[in-house]
Amino acid sequence: MPTALSARLRRALPRPRLTRRRIVIGAVVLAVLVGALSWAVRPSSPGYRITSQMITVQTGPAGTTPISLDTTYYQPDSASAAHPAAAVLLAHGFGGTKDDVADDAKDLASRGYAVLAWTAEGFGESGGQIHLDSPDWEVKDAQHLIDWLSARPEVRKDGPRDPRVAAVGASYGGGLALMLAGYDRRVDAIVPQITWNDLGNAFLPSATGAGASSGVFKKGWAGIFFTGGAVPAALPGSGAAVPGAGGATLPGAGGALTPPTGATPTCGRFAADLCAAYLSIATTGRATPDQLALLERSSPASVLDRIHAPALLIQGQADSLFPLSEADANAKGIAANGTPVQVDWFIGGHDGGNGPQSDQDRNRYLTVQWLDHYLLGKGSAPSTSFTYSRLAGIDANTDSVVALGYSVHGYPGLSGQSSTTVTVAGPPQPAVNPPNGTPAGISTVPGVGGGPAGATGGTAQDVPGQHADFYSEPLKSTVDVVGTPTVRVRAASPTGQAVLFVKLYDVDPHSGATLPDGLVAPVRLTGLPATLADAPAVTVTLPGIVHQFQAGHRLRVTVATSDQAYLSPPDPTVYQLAVTGGVRLPTVHSTPIASPDLIWRWILAGLAAALAIGTVVAIVLGRRRHRKFSNRSGSARLSPRDDPDQSHLARADLADIPLVVSGLRKEYGDGFVAVSKVDFTVRRGQVVGLLGPNGAGKTTSLRVLMGLTKPTAGDIYVFGHRLVSGAPVLSRLGALVEGPGFLPHLSGLANLQLYWRSTGRPLADARLDEALDIAGLGDAVHRRIKTYSHGMRQRLAIAQAMLGLPELLVLDEPTDGLDPPQIAEMRRVLRRYATDGRAVLVSSHLLAEVEQTCTHVVVVHKGTVVADGPVDDIVGDSPSVQFDVSDPATATEVLNRSGVRSVSGEGNGTLIADLDGADRADVVAELVRAGVGVNRVVPRRRLEDAFLSLVGGDTKASGER
Amino acid sequence: MATSTMSSTVDGSAAGYRPTATLTFRTELRRQASRRRTQLSLGFMVLLPLVILLAFEFGGGNGGGGDRGQFAALADIAKSGGLNFALFTLLVSASFLLVVVVALFCGDTVASEASWGSLRYLLAAPVPRGRLLGSKLLVSLFYSLCSLILLTGTALLAGTLRYGWHPLRTTVAGDIAPGTAVVRLLGIVGFVAVTLLITAGLAFLLSVSTDAPLGAVGGAVLLQILSGILDQITALGSIRVILPTHYGDAWLGLISNPVQTDDMVKGAIATLAYAAVFFGTAWWHFMRKDVVS
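Here the protein sequences come in this chain order: A and H.
For the first sequence, full-length UniProt numbering assigns the number 1 to the initial residue and increments by one for each residue that follows.
For the second sequence, full-length UniProt numbering assigns the number 1 to the initial residue and increments by one for each residue that follows.
Hints may be right or wrong, so weigh each one.
[As the list claims (entries may be wrong)] With beta-carbon atoms standing in for the labels, derived distance ranges:
no., chain 1, residue 1, chain 2, residue 2, range
1, A, Gly739, H, Gly237, 24 to 30 Å
2, A, His83, H, Ile239, 43 to 49 Å
3, H, Thr234, A, Ser45, 23 to 29 Å
[To be verified] In silico EDC-like cross-links for lysine to aspartate or glutamate, where the CA-CA straight-line distance does not exceed 20 Å:
no., chain 1, residue 1, chain 2, residue 2
4, H, Lys289, A, Glu738
5, A, Lys106, A, Asp290
6, A, Lys677, H, Asp231
7, A, Lys106, A, Asp77
[Claimed, not checked] A partial selection of chain A residues facing chain H, derived with a Cβ cut-off under 8 Å:
no., residue
8, Val507
9, His510
10, Val616
11, Phe742
What the hints contain is simulated information worked out from the structure, not anything from laboratory work.
Here a beta-carbon is modelled for each residue, glycine too, at the ideal position from N, C-alpha and C.
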């Protein structure tokens, strides 16, 4: 038989109800989601067209060698003959192709620039050989490309055959930009990145300023650089570092998959003269004047005085190939012409990669600003202030480093605006030059790149016995070094010569030494005395760095005899080494670059303020509404605006009636009607029984009565106040609905106390003792609820309902779980409770209980009231009587004769007869006289009749309707 | 049985009843304080730092292990002082333990009343629905904050007693003086507290929507895990910035030098937006809902 349980379960367990509202809401949410997603992934028109083609140029010293260049032209849609666009020549890095700069090209093209990218000769699909940005070859190629641009109608012109054009590129491409600007006045702006000033100095550096002729060969990078162009087709390059902001590619990534034209096993696609020079230098470690002259022709240093194109020089701090000093030399040389120059250092470079996102963003911003002004005249002239970034911490989201941008008014150069000198000391120490430079100390590993590893100097190592260390005292205050520190070194050598590597370590007392950016200063000293006493002090310019030496850290100057990245003398020697004086640390007066994210702070402040105001307003409105509700409810109505769907909040005429339920209907969202129409009244002094089978709608009615659920229609008035959720009048109502609800971890007493405290009413009003008396739990009230039996909880719940002796007590199946003596006691309690003007409403599905407890009864079935009235009226004897007789057939006959209204048999000798006022004794006498044995005569009562006839055999729960 | 006075006020309420006096913060605090769940959670917040400390003492090794970037770096220096120890403890707890604890406090609060059946008696007391939510939320947030402070405070105390009071050491920002470091630590606690509002909001929303406390707690934790996983998928690109956990670690910016607050600001905006939506929906839903538990 279906029970109330299933109905309850059904209501408790939400099932998908496809109401119209839900469908609409779901559809709207879905539409918004789909819309947002498609907006996010929408295909947008790029705003430019891409054309790839081979362009053949006449180049070479005589300008007669045809070379075909693999080009890609990005033509913005906005450009036309009527509205010509400025052009950008975008050059790639060494070993790369035009494809490496595709992203930058697209970015510039979408900003309205006509961009021409090409693969330099000697690389990729382009013909020719590698001449290292030679003025006779690569520079001429680029000049022909400028000619090509000038023939395009959509490219803006400054004059005949003179397009408005900038040259942008990183590393090899940056070198070309500088060279091109030196040889071709048509170039209007350049943005060379991480590139060189003097190839001789770059590959044969000397930190004493002695020049490339006595420099130390940078074998690691040179080897990678050379093989980047020399690898035979079958051996693609290592494909390692992809450093630089402009997509510079160094060690022969890609491109080498097709057999290069004119490649030889030794030289690859390098021009013969350069190849020969490399092989010679790499073997001897020294360069001849001729070789230096050859490198000089490929060096911007030779043409700086001819550069008039405003130059934005972007250089990387983590770059042991083209260190900051290269950009410094370029900046000084170009600025000497009166040409605008801006210098920017970022955390990255050939060792450090593209750097943190913030640096990439800044580089891009500066580049676009530079081009916009010097090509398009947009915006005021970019300041010539110097910008750099310093490692500041860890990006929480990407685990990469965070760079902080700083700006300095005017470019201070590498020696800074001011300086701090920190004394380093230590006894003179011997250091061994290992034979053939092995084992060698490690500073950076060229070509490995991979993030600003140099920033933490994780790889720096010195070989014991091969270096001398000189320490400073712990720093008293933090020093922010920006530029090249200098130190004075003395050395003695039995051979009169020494190749040394000077490094400046930052020694953290806890975590050890780090070599900022992994940079070393190589020096080649000649004419050294055999003893240290005679040795002169030589000033060594250490690599340019941006580094914060924290207070408490120490400086360590290390002079080592070998470094893996450099070629050092093969003969074993022992040097005597000393450091004189201190380390001069250059500093600048910088201001942090304001974060572009400042706007977010305002948004945050606005959001926080809006939420705070919103919360306060919501609380105030809520309270005011409550107050209005309270004030008016005595007599008046709320205005329709406040209470659109209902009229009376209070009715004075009902003020003395504990409960009036009228026209109550509750329909759930899925269309299930739990209560279709219920009307009844509970008056003072009454104990009203709400009687009905399981699922008749009793509990639902009581839920509405407690303000837990909202009725679909109809009203409930408690003492004249319309009952809504949380209505104050509920405080005059005590309830037990659907079983007890206690905090299981608390004792019964604590539960009652806390519950009363929750009502906020004075403790004295609780009548706790009386309630506990009714519960009759004795000492068990001090035990936790968890340990209670069902009946104990039930009694405690009744006690809770009676706390404060509410004027209307509502109990749902109160005798559930009680034993017979307790039930009897409960009946007495309830009857007594209803005196003094109080009233009790008891719901039950048990006829007997209602009959014995209540003064009035309301029978509900299938959500409607089927009978209503005083129990005495309804329970009074019914005209029908049940006879158990020995001979039903004869009895029926006799009964019909004796004038009863109706007789019906129920089998087993049982007859039901409506006596219609006839005396039972007379009827029994008739039966006996007729010889029928009467076993039992049971008078039936009205309530039972009503209940059974109304409910009949149909005891299905409402839920089953 | 004695006779009660039948006096009533103009709004029909019983004498002494004021809506604003129902279920006060203190009452709710007491109701929750007696729960084993509250006591265990808070107790564990004290216990965890001590367990970590013991692990460092007897576990051998270097405390961290592997090269898991920032985590390993912070683990390595966790023993360098009380401040570092507190920071490390916070780091290992913030992404999951605290999320669970907050989800527990905020997700369980209404749903457990519903499952006990006591919710209907509170509402019939009557505690106005808005007030019930307000008190419950404030108490839940209070206990959540207590957990955070207890955890950090215990770690700071235990760490200081064991490793001493030294400047906060960081991997790239150098040492931060103890005075400044305490302020930074407070800032970190504050930011973590703000980011946990998302969990709190979702847990609370689920709490008012279901009668199953475990469902509410689990659902809120599930979202964190889901969001964390999605955040790992870089292919999602910029969509990830709207994930609730995307800026969860932004407080690491406070141990940079100088401090990096950009991500924290964005994280706070995201958090407040999410929390406002969750809490707003919770209120909207509960004020209208048919309580059938």
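Going through the hints against the structure:
Gly739/A and Gly237/H have their C-beta atoms about 53 Å apart, which leaves the hinted 24 to 30 Å range violated. Our hint of 43 to 49 Å for His83/A and Ile239/H is violated, since their Cβ atoms are close to 36 Å apart. Between Thr234/H and Ser45/A the C-beta distance comes to about 26 Å, which sits within the given range of 23 to 29 Å. A hinted pair counts as satisfied when its Cα atoms are at most 20 Å apart, and Lys289/H with Glu738/A qualifies at roughly 18 Å.
Proposed proximity of Lys106/A and Asp290/A is contradicted: the alpha carbons are some 42 Å apart, above 20 Å. With a C-alpha separation of about 55 Å, the suggested pairing of Lys677/A with Asp231/H is violated against the 20 Å cut-off. Among the hinted pairs, Lys106/A with Asp77/A is consistent with the structure: their alpha-carbon atoms are about 12 Å apart, no more than 20 Å. A cut of 8 Å between beta carbons decides the hint on Val507/A: the least distance to chain H is about 12 Å, and the hint is violated.
With a cut of 8 Å, the hint placing His510/A at the interface with chain H holds, because the nearest CB-to-CB distance is about 6 Å. With a cut of 8 Å, the hint placing Val616/A at the interface with chain H is violated, because the nearest CB-to-CB distance is about 12 Å. Interface hint at Phe742/A: satisfied, since its Cβ lies 6 Å from the closest Cβ of chain H, which is below the 8 Å cut-off.
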